[in-house]
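J.: Residues per chain, in single letters:
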Amino acid sequence: MPELKEELKEKLITQLSLEDIEIGEIGDNDPLFGSGLGLDSIDALELIVMLEKDYGIKLKDPKEGKAIFESITVMSDYIIKNRTK
Amino acid sequence: MIKETYYISGWCTIREGTVCKNGTLYYKDSDADTAKDFAKGLYAFMNLKYSKFHKMDSLCKLGFLASELLLTDRKDIHQDTALVMSNKASSLDTDRSYQESINDRANFYPSPSVFVYTLPNIVMGEISIRHHLKSENAFFVTDYFDASFHTKYANILLSTKKASQVICGWVDLDTDKYDVFLALIAKKGKKKLTQSSLHKIYNQ
Amino acid sequence: MISDAIISPLGFSTEENIQNLRLETTGIKEINDARLWSEPFYGAQIHTEKLEEAWSVVPIKQSYTRLEKMMILSVIKLIEENPYLNMMKCGIIISTTKGNIDALKDQNRKEYLDSIAKTIQHHFSLKTKPIILSNACISGGLALAVGKRMIQSGEVDDMVVIGGDILSEFTLSGFFSFQAISKVPCKPFCKNRTGISLGEAAAAVWISSRSTINTANGKEAIIISGDASANDANHISGPSRTGEGLYISIQRALKEAGCKSKQIDHINAHGTATMFNDEMEAIAFNRAELQHTPVTSLKGYYGHTLGASALIESIIAKHCLLNNELFASYGFEELGVSPSIDIVRVHRKQEIRTILKTASGFGGCNVALVLEKVTI
Numbered sequence: 055m056p057e058l059k060e061e062l063k064e065k066l067i068t069q070l071s072l073e074d075i076e077i078g079e080i081g082d083n084d085p086l087f088g089s090g091l092g093l094d095s096i097d098a099l100e101l102i103v104m105l106e107k108d109y110g111i112k113l114k115d116p117k118e119g120k121a122i123f124e125s126i127t128v129m130s131d132y133i134i135k136n137r138t139k
Numbered sequence: 268m269i270k271e272t273y274y275i276s277g278w279c280t281i282r283e284g285t286v287c288k289n290g291t292l293y294y295k296d297s298d299a300d301t302a303k304d305f306a307k308g309l310y311a312f313m314n315l316k317y318s319k320f321h322k323m324d325s326l327c328k329l330g331f332l333a334s335e336l337l338l339t340d341r342k343d344i345h346q347d348t349a350l351v352m353s354n355k356a357s358s359l360d361t362d363r364s365y366q367e368s369i370n371d372r373a374n375f376y377p378s379p380s381v382f383v384y385t386l387p388n389i390v391m392g393e394i395s396i397r398h399h400l401k402s403e404n405a406f407f408v409t410d411y412f413d414a415s416f417h418t419k420y421a422n423i424l425l426s427t428k429k430a431s432q433v434i435c436g437w438v439d440l441d442t443d444k445y446d447v448f449l450a451l452i453a454k455k456g457k458k459k460l461t462q463s464s465l466h467k468i469y470n471q
Numbered sequence: 311m312i313s314d315a316i317i318s319p320l321g322f323s324t325e326e327n328i329q330n331l332r333l334e335t336t337g338i339k340e341i342n343d344a345r346l347w348s349e350p351f352y353g354a355q356i357h358t359e360k361l362e363e364a365w366s367v368v369p370i371k372q373s374y375t376r377l378e379k380m381m382i383l384s385v386i387k388l389i390e391e392n393p394y395l396n397m398m399k400c401g402i403i404i405s406t407t408k409g410n411i412d413a414l415k416d417q418n419r420k421e422y423l424d425s426i427a428k429t430i431q432h433h434f435s436l437k438t439k440p441i442i443l444s445n446a447c448i449s450g451g452l453a454l455a456v457g458k459r460m461i462q463s464g465e466v467d468d469m470v471v472i473g474g475d476i477l478s479e480f481t482l483s484g485f486f487s488f489q490a491i492s493k494v495p496c497k498p499f500c501k502n503r504t505g506i507s508l509g510e511a512a513a514a515v516w517i518s519s520r521s522t523i524n525t526a527n528g529k530e531a532i533i534i535s536g537d538a539s540a541n542d543a544n545h546i547s548g549p550s551r552t553g554e555g556l557y558i559s560i561q562r563a564l565k566e567a568g569c570k571s572k573q574i575d576h577i578n579a580h581g582t583a584t585m586f587n588d589e590m591e592a593i594a595f596n597r598a599e600l601q602h603t604p605v606t607s608l609k610g611y612y613g614h615t616l617g618a619s620a621l622i623e624s625i626i627a628k629h630c631l632l633n634n635e636l637f638a639s640y641g642f643e644e645l646g647v648s649p650s651i652d653i654v655r656v657h658r659k660q661e662i663r664t665i666l667k668t669a670s671g672f673g674g675c676n677v678a679l680v681l682e683k684v685t686i
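Protein chains in written order, with our numbering: chain A, 55 to 139; chain B, 268 to 471; chain C, 311 to 686.
Same shape as in the complex, but just chain A (with noise of 0.2 angstroms):
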């Protein structure tokens, strides 16, 4: 599904603050963490509450999410599977 790909992307850059990229640099399967967009330990916990508010996914267990946030393409597919909203 392209278009969620598209909305994780915005998402990512505003709520996260990445204001010095642009949607079209971040590519569906580049890291977001480490060497990839340099996200770090805060950025994850906000993901995790995205995923709660925009998705209604609640994660059991916030190591989940190392790899369910490894890239756009990983996360759209989880999202899509879990999605309650």
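Calculated directly from the structure, the hints in this document are not laboratory data. We put the beta carbon where it would ideally sit given N, CA and C, even for glycine. Among the clues, some could well be false.
As the list claims (entries may be wrong) - The calculated label-pair distances, taken between Cβ atoms and stated as ranges, are:
#, chain 1, residue 1, chain 2, residue 2, range
1, C, Asn-396, A, Pro-116, 48 to 54 angstroms
2, C, Val-368, B, Asp-410, 22 to 28 angstroms
3, B, His-345, A, Pro-56, 51 to 57 angstroms
4, B, Thr-461, C, Lys-399, 24 to 30 angstroms
5, C, Gln-417, A, Pro-116, 31 to 37 angstroms
6, A, Ile-75, B, Asp-410, 40 to 46 angstroms
7, C, Lys-437, B, Asp-443, 33 to 39 angstroms
8, C, Thr-358, B, Asp-410, 29 to 35 angstroms
9, A, Ala-121, C, Thr-358, 41 to 47 angstroms
As the list claims (entries may be wrong) - Straight-line distance between alpha carbons at most 25 angstroms, and here's what the computed DSS-like set of lysine-lysine pairs gives:
#, chain 1, residue 1, chain 2, residue 2
10, C, Lys-565, B, Lys-444
11, B, Lys-459, B, Lys-342
12, C, Lys-399, C, Lys-439
13, B, Lys-419, C, Lys-437
14, A, Lys-107, C, Lys-493
15, C, Lys-428, C, Lys-439
16, C, Lys-339, A, Lys-114
17, A, Lys-114, A, Lys-139
18, B, Lys-355, C, Lys-415
19, C, Lys-415, A, Lys-114
20, B, Lys-428, C, Lys-565
21, B, Lys-459, B, Lys-428
22, C, Lys-371, A, Lys-114
Stated by the list, open to error - Derived list of chain B stretches under chain C, where covered just means 3 residues or more per stretch with a C-beta under 8 angstroms from a C-beta of chain C:
#, stretch
23, 289–303
24, 349–358
25, 388–394
26, 397–403
27, 406–415
28, 426–439
Dock chains B and C against the given chain A, drawing on the hints supplied.
T.: Then chains B and C, alone, in the frame of chain A:
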């Protein structure tokens, strides 16, 4: 014990849309309605590239920009340069936005990236990261800029060798009313550090 | 450090608190209060009825918040126990992380930290207004360091350091959003730790340049012989992986105290029981060659009381020195940090002369104090 004399080696102020460095006008923007917009304009004007800046709350942005003004082009800033700041409104500007996110239990999504800024000393953390200052930090809350206390405390840190230089000042933000003043206190400099000289340049 | 008073879930005097620590009684309980959190959680809260009972004998001049009552009660206790303490001649520092943050809802300006200084000044009819120190979780320890420095510089002879924070919806929800609240009472340095428990408390300490006050010749007194704070310069919310700021603080405090690592008999650590904090502390203690020194975290008794925590823990450390005893690190079962450190498992008597007190907090801040027993 002979008391050593310390000096104010540089200073800057950010208030009411105006930025001054060492008493000279550096930047003016009377159009920005909010502290956030003003900080954004100043960041662009200073031609800075620091992605962490965008994540900061407005209090940190203003304190950070003031420290950039003070420290840019200086090669004599040591790792043990202490940061001693104060204000009146603590982190209330961000506290209020965080409180809004938890006011309604039906729409209750406390944000970790907002919560982390609900402490006034975070601004010193941001400046320490930027300039690799592994130094003394202290954040005080007072009714007004207490030049007397800052002078005393800077003297203590320098004379006991807990720091080789001190950045002290006032970093206050309360519903878009901002008042920022930072001064670098060192062994050499333009003006002798006294309560009245510090007070005077704060009011400049 | 002349005298002190603690107002906490473990009692309304230092003595009562120490009795409870000896009995290994914890103040952390399941709290079921929908105003604080929608589900039951573990925290250390002062019994409101007990607080009001203690407060009922205090002559009232104005309206007071919960935190102000706690702080004022600690100062009253300090004055009661020390007829020679002249508050008029003391410098006063108040350490608090969030103050009356619950007043944000009421918008009565009590949320401004400075209002607490005004209240304390007014209540005790002080000439000068106390100064507030708000430096995240190290506030209480840093306030003691600042007090000591003011005395050292000859600025004043006596300082009273007051500290306090309440358990509020504001901080609770924030730490929940950080996934940092433990589902069970916190377990510092333990393999099974999953986060912090929050608490509330207030305390007051009288420090003076004249260590002989209250003590006859030949008796023992506790002095702050070294102190330092240092920033990690690494991350605003996560502690440094190398324990850099804490390590630097310890080194500088030891240097000022003229003390070597092996002379430290006991460490009263920060030990919040988050994964990263405890690991970081263990790394810093190892780097400072303190891996064989017995370590206690008191968070298992008090929870994390923010701006009060390092102040209360320093008071307890002082009494450990005077009484030659080490308190058990409550909640600890099995070591859960990668570099080895020696956690105190049961309360024991032991001859000790020097304690290292440390604290670390958001913003990358760290503080270390060396408390030493001297014979007058």
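J.: Compare the structure with each hint and give your call.
T.: Now the hints, each set against the structure:
Checked against the hint of 48 to 54 angstroms, the C-beta distance between Asn-396(C) and Pro-116(A) comes to roughly 52 angstroms, which is consistent with it. A beta carbon spacing of about 25 angstroms between Val-368(C) and Asp-410(B) agrees with the range 22 to 28 angstroms that was offered as a hint. Checked against the hint of 51 to 57 angstroms, the C-beta distance between His-345(B) and Pro-56(A) comes to roughly 52 angstroms, which is consistent with it. At about 25 angstroms, the CB distance of Thr-461(B) to Lys-399(C) agrees with the hint of 24 to 30 angstroms.
Between Gln-417(C) and Pro-116(A) the CB atoms are about 34 angstroms apart, so this pair conforms to the stated range of 31 to 37 angstroms. As the Cβ distance of Ile-75(A) to Asp-410(B) is approximately 42 angstroms, the hint placing it in 40 to 46 angstroms holds. Between Lys-437(C) and Asp-443(B) the beta carbons are some 35 angstroms apart, a value that agrees with the proposed interval 33 to 39 angstroms. At about 31 angstroms, the beta-carbon gap between Thr-358(C) and Asp-410(B) stays in the expected band of 29 to 35 angstroms.
At roughly 44 angstroms, the beta carbons of Ala-121(A) and Thr-358(C) sit within the given window of 41 to 47 angstroms. The straight-line distance between the Cα atoms of Lys-565(C) and Lys-444(B) is roughly 43 angstroms, outside the 25 angstroms bound, and the hint therefore fails. Between Lys-459(B) and Lys-342(B) the CA atoms are separated by roughly 21 angstroms; this keeps the pair inside 25 angstroms, and the hint holds. Proximity of Lys-399(C) to Lys-439(C) is assessed by CA-CA distance (about 12 angstroms); at most 25 angstroms being required, the pair is judged to hold.
Between Lys-419(B) and Lys-437(C), the direct Cα distance comes to roughly 19 angstroms. Compliance with the 25 angstroms bound is thereby established for this hinted pair. Restraint check for Lys-107(A) and Lys-493(C): satisfied, since their Cα atoms lie roughly 22 angstroms apart, inside the 25 angstroms limit. Only pairs whose Cα atoms come within 25 angstroms are accepted, and Lys-428(C) paired with Lys-439(C) is accepted, the gap being roughly 7 angstroms. A threshold of 25 angstroms between alpha carbons decides the hint, and for Lys-339(C) with Lys-114(A) the separation of about 24 angstroms falls inside it, so the pair holds.
Restraint check: the Cα-Cα separation between Lys-114(A) and Lys-139(A) comes to about 18 angstroms, which is no more than 25 angstroms; the hinted pair holds. For the proposed pair Lys-355(B) and Lys-415(C), the alpha carbon gap of about 19 angstroms is at most 25 angstroms, so the pair holds. Restraint check for Lys-415(C) and Lys-114(A): not satisfied, since their Cα atoms lie roughly 31 angstroms apart, outside the 25 angstroms limit. Of the supplied pair hints, the one linking Lys-428(B) and Lys-565(C) holds, its CA atoms being roughly 12 angstroms apart against a limit of 25 angstroms.
Between Lys-459(B) and Lys-428(B) the CA atoms are separated by roughly 19 angstroms; this keeps the pair inside 25 angstroms, and the hint holds. In summary, the hint linking Lys-371(C) to Lys-114(A) is not supported, as the alpha carbons are separated by about 50 angstroms, beyond the 25 angstroms threshold. Taking a C-beta to C-beta cut-off of 8 angstroms, the stretch 289–303 of chain B contributes 0 residues in contact with chain C, too few for the three needed, and the coverage statement is violated. Counting residues of the stretch 349–358 of chain B whose CB lies closer than 8 angstroms to any CB of chain C gives 4, which reaches the minimum of 3, so the coverage claim holds.
Here the stretch 388–394 of chain B counts 5 residues with a CB under 8 angstroms from a CB of chain C, which clears the bar of 3, and the coverage holds. As drawn, the stretch 397–403 of chain B meets chain C at 6 residues by the rule of a beta-carbon pair under 8 angstroms; at three or more, the given contact holds. Look at the stretch 406–415 of chain B against chain C: 6 of its residues bring a Cβ nearer than 8 angstroms to a Cβ of that chain, three or more, so the hint holds. Closer than 8 angstroms: that is the beta-carbon criterion, and the stretch 426–439 of chain B has 3 residues meeting it against chain C, so the requirement of 3 holds.
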